Amino acid sequence: KAGVTQTPRYLIKTRGQQVTLSCSPISGHRSVSWYQQTPGQGLQFLFEYFSETQRNKGNFPGRFSGRQFSNSRSEMNVSTLELGDSALYLCASSLGNTGKPEYEQYFGPGTRLTVT
Amino acid sequence: AQSVTQLDSHVSVSEGTPVLLRCNYSSSYSPSLFWYVQHPNKGLQLLLKYTSAATLVKGINGFEAEFKKSETSFHLTKPSAHMSDAAEYFCVVSTSGTYKYIFGTGTRLKVLA
Numbered sequence: 751k752a753g754v755t756q757t758p759r760y761l762i763k764t765r766g767q768q769v770t771l772s773c774s775p776i777s778g779h780r781s782v783s784w785y786q787q788t789p790g791q792g793l794q795f796l797f798e799y800f801s802e803t804q805r806n807k808g809n810f811p812g813r814f815s816g817r818q819f820s821n822s823r824s825e826m827n828v829s830t831l832e833l834g835d836s837a838l839y840l841c842a843s844s845l846g847n848t849g850k851p852e853y854e855q856y857f858g859p860g861t862r863l864t865v866t
Numbered sequence: 016a017q018s019v020t021q022l023d024s025h026v027s028v029s030e031g032t033p034v035l036l037r038c039n040y041s042s043s044y045s046p047s048l049f050w051y052v053q054h055p056n057k058g059l060q061l062l063l064k065y066t067s068a069a070t071l072v073k074g075i076n077g078f079e080a081e082f083k084k085s086e087t088s089f090h091l092t093k094p095s096a097h098m099s100d101a102a103e104y105f106c107v108v109s110t111s112g113t114y115k116y117i118f119g120t121g122t123r124l125k126v127l128a
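Protein sequence lines correspond, in order, to chains V and F.
All letters in the first sequence, in the order written, are residues 751 to 866 by the numbering used here.
All letters in the second sequence, in the order written, are residues 16 to 128 by the numbering used here.
Worth flagging that the hints you see were computed from the coordinates, not collected in a lab.
Any given hint might turn out to be false.
Below are the DSS-like pairs computed for lysine-lysine, each with C-alpha atoms no more than 27 Å apart in a straight line [stated by the list, open to error]:
1) Lys57(F) with Lys83(F)
2) Lys57(F) with Lys125(F)
3) Lys763(V) with Lys57(F)
4) Lys763(V) with Lys807(V)
5) Lys64(F) with Lys807(V)
6) Lys125(F) with Lys807(V)
The model shown is predicted, which means the values in this text are computed figures rather than measured ones.
Make a model of the complete structure from these sequences and hints.
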């Protein structure tokens with residue numbers, strides 16, 4: 751099975767711009783989660799989608815949004831970029847059918863976003 | 016509320032000596048616990064998971080972890096470190112119905128030749 755793929759892998763944007771990141775989960779996985787990883791804050795949960803519905807979200811401003819499509823692919827969008835949004839954005843997929851915690855998440859390689 | 020505390024931000028060991036990475040958790044309900052490893056410029060790879068079955072969990076690459084409810088701990092161990100084990104390790108807790116992982120702050124493992 752192919753793993754979780756994320757595109758693009760690297761991105762450079764300017765403050766004030768917006769960006770869209772894409773994630774394709776492992777085939778058969780319907781849950782997609784997004785995380786932001788920075789040296790200062792570590793790995794922080796952004797949101798989780800299952801069957802096109804957001805089931806949980808972290809403590810991020812409304813500039814961060816996401817969606818999931820019927821084929822389980824997901825996108826996240828960041829509007830009005832700030833310097834502090836520079837980070838590695840990781841996507842993870844899992845079976846996640848019933849919210850049982852034992853379903854492990856499989857992570858993609860991440861998208862490295864640099865805001866200048 | 017859930018939380019994870021990784022007690023050491025950096026650990027250094029010599030090649031061939033045991034590895035111990037410490038993790039304490041807090042969870043209102045029976046948690047699932049995971050250890051992930053992240054090599055430089057790579058995504059996260061699952062090492063092992065605990066899901067209320069056996070308390071001693073064996074994972075990949077010779078790693079194992081023991082769930083101790085009385086101590087709320089889930090420490091990661093390996094009998095003999097290899098140079099390729101040098102990476103950052105994350106302890107993770109998840110609780111039914113929350114649909115999210117809570118990550119520890121990570122422990123960077125350095126293996127000395």
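Do the hints match the structure? See the list:
1. Lys57(F) with Lys83(F): violated, 30 Å
2. Lys57(F) with Lys125(F): holds, 17 Å
3. Lys763(V) with Lys57(F): Distance of about 22 Å is within 27 Å: holds.
4. Lys763(V) with Lys807(V): holds, 25 Å
5. Lys64(F) with Lys807(V): holds, 23 Å
6. Lys125(F) with Lys807(V): violated, 34 Å
Taken one by one, the earlier hints fail for this structure at numbers 1, 6, listed in ascending order.
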